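There are 2 protein chains.
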Amino acid sequence: MYYGAIEAGGTKFVCAISNDDFEVLDRVSIPTTTPAETISEVFNFFDRFSLKSIGIGSFGPIDVNRSSKTYGYITTTPKKGWVNFDFLGNIKERYNIPVAWTTDVNAAAYGEYKKGNAQDSSSCIYLTVGTGIGGGAVVNGNIQAGFGHPEMGHVLVQPHPDETYQGSCPYHDNCLEGFAAGPAIESRYNKKGHELENDIKVWEMEAYYLAQALVDYTLILRPERIILGGGVMKQKQLFSLIRTEFGKLLGDYVATPDLNQYIVEPGLGDNAGITGCLLLAAESADGKVS
Amino acid sequence: MYYGAIEAGGTKFVCAISNDDFEVLDRVSIPTTTPAETISEVFNFFDRFSLKSIGIGSFGPIDVNRSSKTYGYITTTPKKGWVNFDFLGNIKERYNIPVAWTTDVNAAAYGEYKKGNAQDSSSCIYLTVGTGIGGGAVVNGNIQAGFGHPEMGHVLVQPHPDETYQGSCPYHDNCLEGFAAGPAIESRYNKKGHELENDIKVWEMEAYYLAQALVDYTLILRPERIILGGGVMKQKQLFSLIRTEFGKLLGDYVATPDLNQYIVEPGLGDNAGITGCLLLAAESADGKVS
Ligand SMILES: Nc1ncnc2c1ncn2[C@@H]1O[C@H](COP(=O)(O)OP(=O)(O)O)[C@@H](O)[C@H]1O
Ligand SMILES: Nc1ncnc2c1ncn2[C@@H]1O[C@H](COP(=O)(O)OP(=O)(O)O)[C@@H](O)[C@H]1O
Ligand SMILES: [Zn+2]
Ligand SMILES: [Zn+2]
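Those sequence lines, one after another, are chains A and B. Just so you know, we're using numbering that gives the first Met the number 0 here: the first sequence kicks off at 0 and counts up by one. Just so you know, we're using numbering that gives the first Met the number 0 here: the second sequence kicks off at 0 and counts up by one.
One chain only, chain A, in its complex shape (with noise of 0.2 angstroms):
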């Protein structure tokens, strides 16, 4: 018997199955066409195994509240086709076992959390800065949640002094995904994200966007770690640029751990969130609510 995790992104699906030990059995990556489409090749995938539990972290906005007619739905997705779809029904009625769903960026935190850059934290954020920018946390065990899951990614930023893009989010004159995530960056300077790996003013202003939202971040949440992952991080060079720009802006006035172990790489790498699919789905296993 297995653990099964779908990571669910905009652009592909990486399902996997592991043992008891979380290690990584069988993986595939399937591209993210249709919900038909799509979820036809994930059923193509777990029906070759006998499995104990799925943990789904999905791309969203999703629903995640349980008292909800539409929990278990993908729901106000700008991704033609998938608005509205019951991910979590599609999966329960092919498999009938327990299934926990939660978004993308909270597994990744969570398996950051666990056997990531966090496991020796007792809070961490894990934001994704990618196609879109998003972040997850997990307080004391719990991944954070409310009225329903974070949308951290569009959180509000002042503009750069030199900013000349009139930011990419339909949804916010002045948002952190807006200016800083992958697509914005294309856009602003008309040229792929690692055509630009040499030009020190494109980082710095990527650095002072996601600075502020560090710092708000920071100051809301107060947790122990704060791990960037996605596209966008490939550039290291960001990491020292943001956290110089996170300590001007934060100007000494709370209290966080070294910032060289406070905003950090995920431990995981690009294997956080199937990670924290397969935590998941153990803990869904065993009857725990996640």
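Hints may contain errors.
The list treats identical chains as one, so a pair stands whether inside a single copy or across any two.
As the list claims (entries may be wrong) - Cross-link-like lysine-lysine pairs, in silico, DSSO-like; alpha carbons within 30 angstroms at most:
1) K51 <-> K190
2) K287 <-> K113
3) K247 <-> K78
4) K79 <-> K247
Calculated directly from the structure, the hints in this document are not laboratory data. Nothing here was measured: the structure is a model prediction, and the numbers come from that model.
Starting from the known structure of chain A, fit chain B with the ligands onto it as the hints suggest.
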């Protein structure tokens, strides 16, 4: 045997005792002068009663990290004389009973969560807008904390297009407290807050700042209710201005409860903090660590 409560503010300390039903049986208000003077008045009050336990909700920043050497201290407060004052230690030494220790706004959030306007919610934020701005949160019955307690009053905001004031926070160029606390309003217009009551522009600008912060709290914490208290919120017209501005800024990106139910005044009025302290006192008497 009674429960004791200390709501310790920068201007005054309120001490109270209650029966097991949290009915306040006696209370006193003591001006905040020096620790020696003020605490001796606190002792004068409580010495008259036989106490089971005490709950303290203190101005800050304070040290709430149990593994820290300065746990129970007021730390870097701008309030002269109180820096590094061992508040909890002094109270414990005198009474040798369980003492709960948290911030004034955490206590108020807890009071509202259990007995006030968030009784039917599983999470809430309490924000005070007074001499300073501070916020506390309760999520599923637990006071939100991490590396320290939140300092929500210092989140970064964008200056209003018509802003002429440079902000009053010594730590941050553009933080909420610096633009929107009582003293900032009074410095900007050179008038007392209550004298500005009929100047709609004043409160529109105030709402603009508060709404920005509320959007960030919403996206990061997704609370079920946000309760706004403190002297500045005596301007009741602010509530609808804040709701309007909040709606514009959030742009329907995430669901919230109906804004009339979401952004509300304290159900306990000025007693939110004292009630929270009494409730926390009772929990610490029961051996629960808060
Ligand atoms: N080496 C890189 N340098 C800068 N930006 C990158 C790099 N690799 C990917 N990106 C950016 O990251 C985004 C993709 O993010 P990623 O996290 O890989 O996927 P997704 O968010 O879709 O799951 C793209 O928009 C691209 O602009
Ligand atoms: N009616 C009012 N209208 C506007 N502002 C007020 C009013 N009453 C008090 N304030 C402002 O609130 C601040 C005091 O806040 P308060 O919450 O009463 O005390 P504290 O924050 O010191 O505990 C003052 O700076 C004053 O500017
Ligand atoms: Zn946005
Ligand atoms: Zn500040």
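Next item on the list: Give the relationship of K51 and K190 under a CA distance limit of 30 angstroms: within one copy only, between copies only, both, or neither.
Entry: Neither way: K51 and K190 sit 46 angstroms apart in one copy and 67 angstroms across, limit 30 angstroms.
Check: Quick one: K247 to K78, C-alpha cut-off 30 angstroms, is that within a copy, between copies, both, or neither?
Finding: Classified as between; 24 angstroms across copies, 37 angstroms inside a copy.
Item checked: Intra- versus inter-copy proximity for K113 and K287 (alpha-carbon distance at most 30 angstroms) -> Classified as both: same-chain Cα gap 16 angstroms, cross-chain 26 angstroms, threshold 30 angstroms.
Note to self: Within, between, both or neither: how does the pair K79, K247 come out at a Cα-Cα threshold of 30 angstroms?
What the structure shows: Answer is between; shortest inter-copy Cα gap is 25 angstroms, intra-copy 41 angstroms.
Hint compliance for this structure: hint 1 alone is broken.
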